[in-house]
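Work out the full structure, taking the sequences as your base and the hints as a guide.
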Amino acid sequence: MNLAMLSLLGLAGAGAYYGMKRKDPNIQLSSCFFERVAVPFSSLFDEYISNNGLIIDLVEKDYVCTNTPLKELYAIELVGFDNTLNYLPEATIEEIFRDFKKFDDAFLFYAIHKQGKLQKQYIFSHNKNLLQVIGAVYETKLMSGQDILNTIYDLNLQNSYYVDEKMLKRSVNIDFENDKTPGFLSFKKISRQAIYKNLTDLDLIQAYKAIEGVSRADIQKLFSINFEGVVWTYFDFYTKRIEIAITSLLNAAKWSGNKEIFTSLKEQYIAGEVDLMIVNSLAFLKKYESSTIGALGTCLKNAYIPKDIFRADSIRRTPLKYRDGEFDILVDKAYFKNYITTLHKRSYPNADIFGLDKNRAFVNYSFSGENNTPHMCIIAESGSGKSVSKQKIMAQMINLDFSTGYASELGKVKIRSYDVGFSDEVFVNLVKSNPKNNIAILSSDFASFAYNLVNVNPNASREEFEADLVFACDLMSVILESQNAEALNISELALFKEAIKKIYKDNNYRRYRVLFLKDTNTEMYEKLKNLGFDDNYYLADLEGDEFEFLRKPLLSDITAFCKVNSSNQQLKEEDRKAYSSLAMKCLAVEQLDIFSRFDKVNITDTDFLSMDLNNFKESSLFTPIFLCIFQKTYLKDRDNALKCKREKRVQPKLFYAIEESRNFFEVPYFEVMLKKLAFEARKYNVHLCFIAQLPEHIPAGILKQLSTRIFLLIPSKKGETINEIKKHFQPNEKVIEALNNTEKHELCIWYSEGVFNLKFEISDIEMSVFNTNPNIVA
65 MNLAMLSLLG LAGAGAYYGM KRKDPNIQLS SCFFERVAVP FSSLFDEYIS NNGLIIDLVE
125 KDYVCTNTPL KELYAIELVG FDNTLNYLPE ATIEEIFRDF KKFDDAFLFY AIHKQGKLQK
185 QYIFSHNKNL LQVIGAVYET KLMSGQDILN TIYDLNLQNS YYVDEKMLKR SVNIDFENDK
245 TPGFLSFKKI SRQAIYKNLT DLDLIQAYKA IEGVSRADIQ KLFSINFEGV VWTYFDFYTK
305 RIEIAITSLL NAAKWSGNKE IFTSLKEQYI AGEVDLMIVN SLAFLKKYES STIGALGTCL
365 KNAYIPKDIF RADSIRRTPL KYRDGEFDIL VDKAYFKNYI TTLHKRSYPN ADIFGLDKNR
425 AFVNYSFSGE NNTPHMCIIA ESGSGKSVSK QKIMAQMINL DFSTGYASEL GKVKIRSYDV
485 GFSDEVFVNL VKSNPKNNIA ILSSDFASFA YNLVNVNPNA SREEFEADLV FACDLMSVIL
545 ESQNAEALNI SELALFKEAI KKIYKDNNYR RYRVLFLKDT NTEMYEKLKN LGFDDNYYLA
605 DLEGDEFEFL RKPLLSDITA FCKVNSSNQQ LKEEDRKAYS SLAMKCLAVE QLDIFSRFDK
665 VNITDTDFLS MDLNNFKESS LFTPIFLCIF QKTYLKDRDN ALKCKREKRV QPKLFYAIEE
725 SRNFFEVPYF EVMLKKLAFE ARKYNVHLCF IAQLPEHIPA GILKQLSTRI FLLIPSKKGE
785 TINEIKKHFQ PNEKVIEALN NTEKHELCIW YSEGVFNLKF EISDIEMSVF NTNPNIVA
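The opening residue of the sequence shown carries number 65 in our numbering; numbering runs sequentially from there.
Be a bit skeptical, because a hint or two may be false.
The list that follows gives simulated cross-link-like pairs (lysine-lysine, DSBU-like), each with its CA atoms no further than 30 Å apart [what the hints assert, rightly or not]:
#1 Lys709 <-> Lys569
#2 Lys350 <-> Lys823
#3 Lys768 <-> Lys823
#4 Lys135 <-> Lys350
#5 Lys569 <-> Lys700
#6 Lys233 <-> Lys273
#7 Lys285 <-> Lys330
Label-pair restraints from in silico Cβ distances [stated by the list, open to error]:
#8 Lys641 <-> Asn571: 26 to 32 Å
#9 Lys496 <-> Lys709: 26 to 32 Å
#10 Pro153 <-> Phe466: 44 to 50 Å
#11 Ala317 <-> Asn290: 37 to 43 Å
Quick caveat, the hints were computed from the structure, so don't treat them as lab data.
Even glycine gets a Cβ: it sits at the ideal position worked out from N, Cα and C.
What follows is the structure in structure tokens.
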């Protein structure tokens, strides 16, 4: 019988066997016809394919079946929450040696994959429990069978990768849901092609001894080496194989007459006085420099040499199926310490931003998905790149095409940019240039600004109405403090809120006529006149949503109400006094004029709202004016979010970028107000982003509400800035380490789960849009 016929019969028998087992895994072959037919041919076939490459013939929920003796192969990806090294704890290492060394599947494969922006670490094993012990340390679960299959193909080094939807994706991905061909068959086809190319594309280097005196594997340095490839390291803890390895060394030593060392070692190992393990490390290199071999060895505690013997077998079968036992290295347990570590932050499926991490690997991040609150701050001095970074964040969130100005994600993500100094001007104009984008730019001058402090919606839900009343009270206090007056006290706050409720309930306020607008809102006055309304027409009688804001009371009505009650003898004396002091404060705010008129702030329902506050910057009313504009926008966004919720639609992300935050927090009550707002805003998917130059510009009370803290450092001032951060933020050691390693124009992002660095890739065309340096002409 020739080999072809044997293979054919083997396939037929194995196919029938496989089919029966798939249909019912509990079928016992001894009780059916296949015992006499399938098993012999299957055995012959298994013997034949044992010299073949790695074959995956079954993909399950959390493992794959391979043509290896132990069949079921599990895997975990070594990822963490930051860019700092997190070595496997000694307690876990002790647990592995103590609990698993008696099992024949107590071995694992550690794969380090570096290929362009893709940098990954995996551990494979046939021992599920062993992997779960390691996975528990890093809060990572077993990979799915589909992910294992695709990962094994990736490790052939013939795949490529691209960024799409803020994720690094495979060019070749075995899709189990859409492919009609079973996944394992697709894997077989593409793997054969990859192996064929690897026979000419790859060089192999083999570890032949452990380097003494190296206390830890430097995985971070390894990823900084200029190479593309995969480093496989095999770790074996199984007692019997280790005893066999010692015996082999002992037999070899007999020829040299130096067997006492190994005799003693075997006795110590059997007595449990020493823990040993077998290591075998093989690197597959696609691109590398002459210095790479030595550098890899230093990083991985091993000395490597080029490998040519059995090269084809190693490539064809992969280390998961074949290793050259001649290069097994027997080492002490101490070798395993400070070896396996996480280094890369795990990717998030619905990220907001992406870039390159400290090791130039792809990294992404979600402000809301990876934190309890979506709010953030960007702290960076002038010249550090904070305006560029803020614009890049917004550009990525809306997926801006810089060649056309079209923002494909605008609408799903809405931007509210409150700028100071026109740093966003070119960026905003680019977005405005594309008619497909829904964008509005608000002017910022006193002539076009007026805000009705007591314009609330009495028909809103109880929760919304109460929130609006609280805002009106808080805004009143902010206005007073901005003018160096005292904020409303507890009694005045209660009475101010009660006055607004009472006036709306009883409609007990002045009936304003069209003529009232002649000096306070000329544009609206002319509009009403053109519509045929005379000067004596009551604004309260105007119909339609367009004029709803004109049918409201004004602050002067609250003042009048308070004056009346300050003389009401039916009230307690303390209440009359409180009404009297409240009336005086209302009158003082009234005299500022801009808060005692009907609204002139027209906030349209837009996806991108930009307003530069530079013209208000020098005014003592800067903070209250900003809050008025902010509140108008926020209320419209809140209503839309509630509508989406009721209609069971996805709420858009709302990114509020607030430049020069220091100016706002100069008014003490602003902090009180923002604390309340930050807590409420997250319910409506609002992402508050405060941008400041120094840590001290944002009060400690607000910092507690900001889950994401982004820092950019100027190299010459790094030490000084880090000291300020220590003073105001009390960062842990990992954060301090990350700050010290942060380079120019690199973001150091400290969030709920950890800390990592991110550097944006910014093209020349993007830089011409983002640039705020007056000495550089775009």
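Hint-by-hint comparison with the structure:
1. Lys709 <-> Lys569: holds (29 Å)
2. Lys350 <-> Lys823: Between Lys350 and Lys823 the Cα gap is close to 26 Å, so the pair holds against 30 Å.
3. Lys768 <-> Lys823: Given that 30 Å is the threshold and the Cα spacing comes to 25 Å, the pair holds.
4. Lys135 <-> Lys350: holds (29 Å)
5. Lys569 <-> Lys700: Within the cut-off at roughly 23 Å; holds.
6. Lys233 <-> Lys273: violated (37 Å)
7. Lys285 <-> Lys330: Violated: Lys285 and Lys330 sit about 36 Å apart, past 30 Å.
8. Lys641 <-> Asn571: 26 to 32 Å: At 28 Å between Cβs, range holds.
9. Lys496 <-> Lys709: 26 to 32 Å: holds (30 Å)
10. Pro153 <-> Phe466: 44 to 50 Å: holds (46 Å)
11. Ala317 <-> Asn290: 37 to 43 Å: Roughly 41 Å apart at Cβ, these two residues keep to the hinted range, so it holds.
Checked against the numbered hints above, the structure breaks hints 6 and 7 and satisfies the rest.
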